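Protein chains: 2
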Amino acid sequence: MFEAVELGRKVPKRDYDAQVPELRAMLLQAQVDLRGADFPVVVVLAGVEGAGRGELLNRLAQWIDMREVQVHAFDRVSDEELSRPEYWRYWRTLPPRGRIAIYLNSWYTDPLLDRALDGAKQARFEQRLQRIAQFERMLADDGALILKFWLHLSHKEQGKRLKKLADDKHTRWRVTPERMRRHKAYDHVAQAAETAIRLTDTSQAPWFLVEAKNTRYRDLTVARTIAEGLKNRLAQGPGATASLLPPIESTPPTTAKSMTVLSKIDLSASLRGEDYRAGLTAEQERVAELTRRSYTKGLSTVMVFEGWDAAGKGGIIRRVSAAVDARYTRTIATSAPSPEEKAQHYLWRFWRDIPRPGHVTIYDRSWYGRVLVERIEGYASADEWARAYAEINQFEGQLTDHGVLVLKFFIHISGEEQLNRFKERQKIPYKRHKITDEDWRNRDRWEQYEVAINEMVARTSTSAAPWTLVAGNDKKHARVAVLRRLRAALEARFD
Amino acid sequence: MFEAVELGRKVPKRDYDAQVPELRAMLLQAQVDLRGADFPVVVVLAGVEGAGRGELLNRLAQWIDMREVQVHAFDRVSDEELSRPEYWRYWRTLPPRGRIAIYLNSWYTDPLLDRALDGAKQARFEQRLQRIAQFERMLADDGALILKFWLHLSHKEQGKRLKKLADDKHTRWRVTPERMRRHKAYDHVAQAAETAIRLTDTSQAPWFLVEAKNTRYRDLTVARTIAEGLKNRLAQGPGATASLLPPIESTPPTTAKSMTVLSKIDLSASLRGEDYRAGLTAEQERVAELTRRSYTKGLSTVMVFEGWDAAGKGGIIRRVSAAVDARYTRTIATSAPSPEEKAQHYLWRFWRDIPRPGHVTIYDRSWYGRVLVERIEGYASADEWARAYAEINQFEGQLTDHGVLVLKFFIHISGEEQLNRFKERQKIPYKRHKITDEDWRNRDRWEQYEVAINEMVARTSTSAAPWTLVAGNDKKHARVAVLRRLRAALEARFD
Numbered sequence: 001m002f003e004a005v006e007l008g009r010k011v012p013k014r015d016y017d018a019q020v021p022e023l024r025a026m027l028l029q030a031q032v033d034l035r036g037a038d039f040p041v042v043v044v045l046a047g048v049e050g051a052g053r054g055e056l057l058n059r060l061a062q063w064i065d066m067r068e069v070q071v072h073a074f075d076r077v078s079d080e081e082l083s084r085p086e087y088w089r090y091w092r093t094l095p096p097r098g099r100i101a102i103y104l105n106s107w108y109t110d111p112l113l114d115r116a117l118d119g120a121k122q123a124r125f126e127q128r129l130q131r132i133a134q135f136e137r138m139l140a141d142d143g144a145l146i147l148k149f150w151l152h153l154s155h156k157e158q159g160k161r162l163k164k165l166a167d168d169k170h171t172r173w174r175v176t177p178e179r180m181r182r183h184k185a186y187d188h189v190a191q192a193a194e195t196a197i198r199l200t201d202t203s204q205a206p207w208f209l210v211e212a213k214n215t216r217y218r219d220l221t222v223a224r225t226i227a228e229g230l231k232n233r234l235a236q237g238p239g240a241t242a243s244l245l246p247p248i249e250s251t252p253p254t255t256a257k258s259m260t261v262l263s264k265i266d267l268s269a270s271l272r273g274e275d276y277r278a279g280l281t282a283e284q285e286r287v288a289e290l291t292r293r294s295y296t297k298g299l300s301t302v303m304v305f306e307g308w309d310a311a312g313k314g315g316i317i318r319r320v321s322a323a324v325d326a327r328y329t330r331t332i333a334t335s336a337p338s339p340e341e342k343a344q345h346y347l348w349r350f351w352r353d354i355p356r357p358g359h360v361t362i363y364d365r366s367w368y369g370r371v372l373v374e375r376i377e378g379y380a381s382a383d384e385w386a387r388a389y390a391e392i393n394q395f396e397g398q399l400t401d402h403g404v405l406v407l408k409f410f411i412h413i414s415g416e417e418q419l420n421r422f423k424e425r426q427k428i429p430y431k432r433h434k435i436t437d438e439d440w441r442n443r444d445r446w447e448q449y450e451v452a453i454n455e456m457v458a459r460t461s462t463s464a465a466p467w468t469l470v471a472g473n474d475k476k477h478a479r480v481a482v483l484r485r486l487r488a489a490l491e492a493r494f495d
Numbered sequence: 001m002f003e004a005v006e007l008g009r010k011v012p013k014r015d016y017d018a019q020v021p022e023l024r025a026m027l028l029q030a031q032v033d034l035r036g037a038d039f040p041v042v043v044v045l046a047g048v049e050g051a052g053r054g055e056l057l058n059r060l061a062q063w064i065d066m067r068e069v070q071v072h073a074f075d076r077v078s079d080e081e082l083s084r085p086e087y088w089r090y091w092r093t094l095p096p097r098g099r100i101a102i103y104l105n106s107w108y109t110d111p112l113l114d115r116a117l118d119g120a121k122q123a124r125f126e127q128r129l130q131r132i133a134q135f136e137r138m139l140a141d142d143g144a145l146i147l148k149f150w151l152h153l154s155h156k157e158q159g160k161r162l163k164k165l166a167d168d169k170h171t172r173w174r175v176t177p178e179r180m181r182r183h184k185a186y187d188h189v190a191q192a193a194e195t196a197i198r199l200t201d202t203s204q205a206p207w208f209l210v211e212a213k214n215t216r217y218r219d220l221t222v223a224r225t226i227a228e229g230l231k232n233r234l235a236q237g238p239g240a241t242a243s244l245l246p247p248i249e250s251t252p253p254t255t256a257k258s259m260t261v262l263s264k265i266d267l268s269a270s271l272r273g274e275d276y277r278a279g280l281t282a283e284q285e286r287v288a289e290l291t292r293r294s295y296t297k298g299l300s301t302v303m304v305f306e307g308w309d310a311a312g313k314g315g316i317i318r319r320v321s322a323a324v325d326a327r328y329t330r331t332i333a334t335s336a337p338s339p340e341e342k343a344q345h346y347l348w349r350f351w352r353d354i355p356r357p358g359h360v361t362i363y364d365r366s367w368y369g370r371v372l373v374e375r376i377e378g379y380a381s382a383d384e385w386a387r388a389y390a391e392i393n394q395f396e397g398q399l400t401d402h403g404v405l406v407l408k409f410f411i412h413i414s415g416e417e418q419l420n421r422f423k424e425r426q427k428i429p430y431k432r433h434k435i436t437d438e439d440w441r442n443r444d445r446w447e448q449y450e451v452a453i454n455e456m457v458a459r460t461s462t463s464a465a466p467w468t469l470v471a472g473n474d475k476k477h478a479r480v481a482v483l484r485r486l487r488a489a490l491e492a493r494f495d
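The listed protein sequences correspond, in order, to chains G and C. Counting with our numbering, you get residues 1 to 495 for the letters of the first sequence. Counting with our numbering, you get residues 1 to 495 for the letters of the second sequence.
So here's chain G without its partners, still in its complex pose (with noise of 0.2 Å):
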């Protein structure tokens, strides 16, 4: 999930000042607007430590009239709340109509740190997320216009922050014990913040995920997404409920826009020939000897395989399942639903060829059709295909849950790559039938995918069923790094 928001989007500072003057304008006309409106604003700032919460908010104290909004932080909670129900203090401090709250710390703060640092049990971590999300349904539904915010940073950075502070001695008091604590058990904050985002980012009540490395973007981006979300609502007039489509990740406000997923790797990766074979050849036999193992102690594994057409999944697909022995291995060709497929739910089909135990289920193409080709090409509504990310979660969830791998891969080529594999294609003549109008099209749309791919990976990448984005480029990096990924997680099922 977080992936999505590792990319190094930045602001530079002369379009940071070139766009706050009329972002402030948008945000004081917002306020003015909403005094007289019938739904308050509750604003969550959540996030990593050290991902500057406190800054952001002294930022936006800059921009917007104080005087009218109440920020709320619940450090501790004192003798009286404790002696009440829990959300007691939240409701004391909710906004009346025509108000906005802003919650440093939140009905969140507690259930996320006693998962991640004080070892609550899983069940009962759902449980309070589950009254969080049923607590949130209940303000959206009276009218509350409902924005929460993830600040993140990623573990190596969330270090440089502490450091730096430590190393200054007028600031270092603020590395505490406490925060200390935090950034060792990060792998687990960030795991109990995926769990808590999935379970709770509703189109009433979205989530944000903003990348808080630079500063100047952080700070734009919550404030444009307010802005934004006000305007958006107060267009809409009374009675209205927020937007049915909820933009987990926000749009980033610059040029950073085109920067996605894809745009990390490295495409230049390439493997030549006797490293190549020496790869293949190593990697296949010990995923060979791993899913033997499985199948004799009933572990089965799901593999997912998507990418742009013509990025080699077939020659990466015939690699892996030369190595797993063929009497447990299943390749299910994804293509348009059958008359009897299509009378049923989309998930159906899929849910059929569920592995045995031990087996092995190799999808080329898949349920994420929903939310890529059905998407682009209108075959699915907005509605359908922004409610599959989480029925696709809860999908590979109940996968997980039953132990097995679920492994996703997404092959990733550039467009001249592309390019010149088709013409490539159309040369051989027994290649040719594979080249259709369709790939022409879908070629034209390609910066609709690239769009529609960040936000796969950004709402469905979770750490039980993590996508791996593999440069493609060179086909036979490809195909061993696929292996290796296989074979690593294979590896970690008998630690």
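It is worth saying that the hints were derived from the structure and are not from the lab. If you're wondering where the values come from, they're calculated on a predicted model, not measured in any experiment. C-beta atoms are modelled at their ideal positions from N, C-alpha and C, and glycine is treated no differently. Careful, some of the hints might be misleading.
Examples of chain G residues lying across from chain C (beta carbon under 10 Å, computed) [what the hints assert, rightly or not]:
id : residue
1  : Ser83
2  : Gly119
3  : Gln122
4  : Gln134
5  : Phe135
6  : Asp142
7  : Asp275
8  : Arg277
9  : His345
10 : Trp351
11 : Pro357
12 : Asp383
13 : Arg387
14 : Leu399
15 : His402
Following the hints, put chain C in place on chain G, whose structure we already have.
This is chain C only, laid out in the frame that chain G set:
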């Protein structure tokens, strides 16, 4: 919750015979129309042991064309099923569009029995219910019409049925140890069922509680609900989703309609002079002692009073207050919200007065105004009052989870008694102001209120925060009855 389906509703044989032909025609027509429709129908038949799901299915099989209906029972999990994720077996059996599937055991069976009989934890149970809600929402979002029936029998009635089976040598074999075990665990089953229904009763997949004591009533009610659900949905045309208002209680198909939870109250109950004085004093003394003890232990109490105009709430509340130390008791008289309160969610003002540890808050009218006066007078939209049941259950759930004792009283009087009291008041100068035009208007809406009260009890009387319906025609009886209930609940707290 289940008191609303222990009313003794029945259908005489003559009425039954008169209704069946029309119902069959309606069902068959709906089935014909369904063939060309773009949605599947999922019917879940659940209920307590002995409520006759099998019998009901046999009856339905006579009325509908079973060649187009799939029946699924899932008595035992097969080895193949055990080796796949839990929902695999259910996905396999889902009906295609245009078809009906009836589930005798369903995705509810295992979670319910695990919780009621095998000691599964509450958090784990709620997690599984959450999965069910997600699953059903996924199907409903895709168009499925989902109708869920809970067939209810009282513990006593269940015992009678089992005894009848055991007494007959031809049916004795049906009284298996497993069935006896479930009979013994009746309270656990009922409580788990209540939780399950509360957490999975949605507008998209509503539960219908059906009183199963009279088999004619049971069969007609279920069949008619299916027929009407189908008819309504077919009338909406393609792309529609389930109706917004989940009727937790199906519309009784006969004269049984006028029967509500209020019909069961024996309004002739009365207390005479000396019995009243002795009873009152004894209960008040005991309540004083128990609330003092609660105070020292920090255990809080919330009492809610609702009732018809002139039902005598005030007199009762005075007798309760007299028994509780004023230093830790507050009485909140709820009237129309102030401008400040109107600017907030309707529950906000009630959260404010949640008692501190050891204290008692008495609400003279309460948040239930949302589903009573606001519903009837149209101050709340249908959407608003319909979702209020779940919101109220969540609110009270947070209180009871925190250890607050929540008791809710509805004081019932007959229409004639109310009229007498109105006339009485008009005669006495200092009481005349208590009768307003509104009181007279409310009288005209008596039947609407009866329906609303019945639905309120069916949907919000939970084992943790139950409703107590009090016969109020005799004021003395009512006062002692309320104190007695309060005393018993306070005593139970120290058991």
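Each hint, compared with the structure:
1. Ser83: Since the shortest Cβ distance to chain C is 5 Å, the answer is holds.
2. Gly119: violated (14 Å)
3. Gln122: Result: holds, 8 Å to nearest chain C Cβ.
4. Gln134: holds (5 Å)
5. Phe135: OK, holds: Phe135/G within 10 Å of chain C, min 8 Å.
6. Asp142: holds (5 Å)
7. Asp275: violated (40 Å)
8. Arg277: violated (38 Å)
9. His345: At 5 Å from the nearest chain C Cβ, His345/G passes the 10 Å test, so the hint holds.
10. Trp351: holds (4 Å)
11. Pro357: With a minimum Cβ separation of about 5 Å from chain C (threshold 10 Å), the hint on Pro357/G holds.
12. Asp383: Holds, because the Cβ-Cβ distance from Asp383/G to chain C comes to roughly 8 Å (cut-off 10 Å).
13. Arg387: holds (6 Å)
14. Leu399: holds (6 Å)
15. His402: holds (4 Å)
Hints 2, 7, 8 from the list above are not met by this structure, while the remaining hints are.
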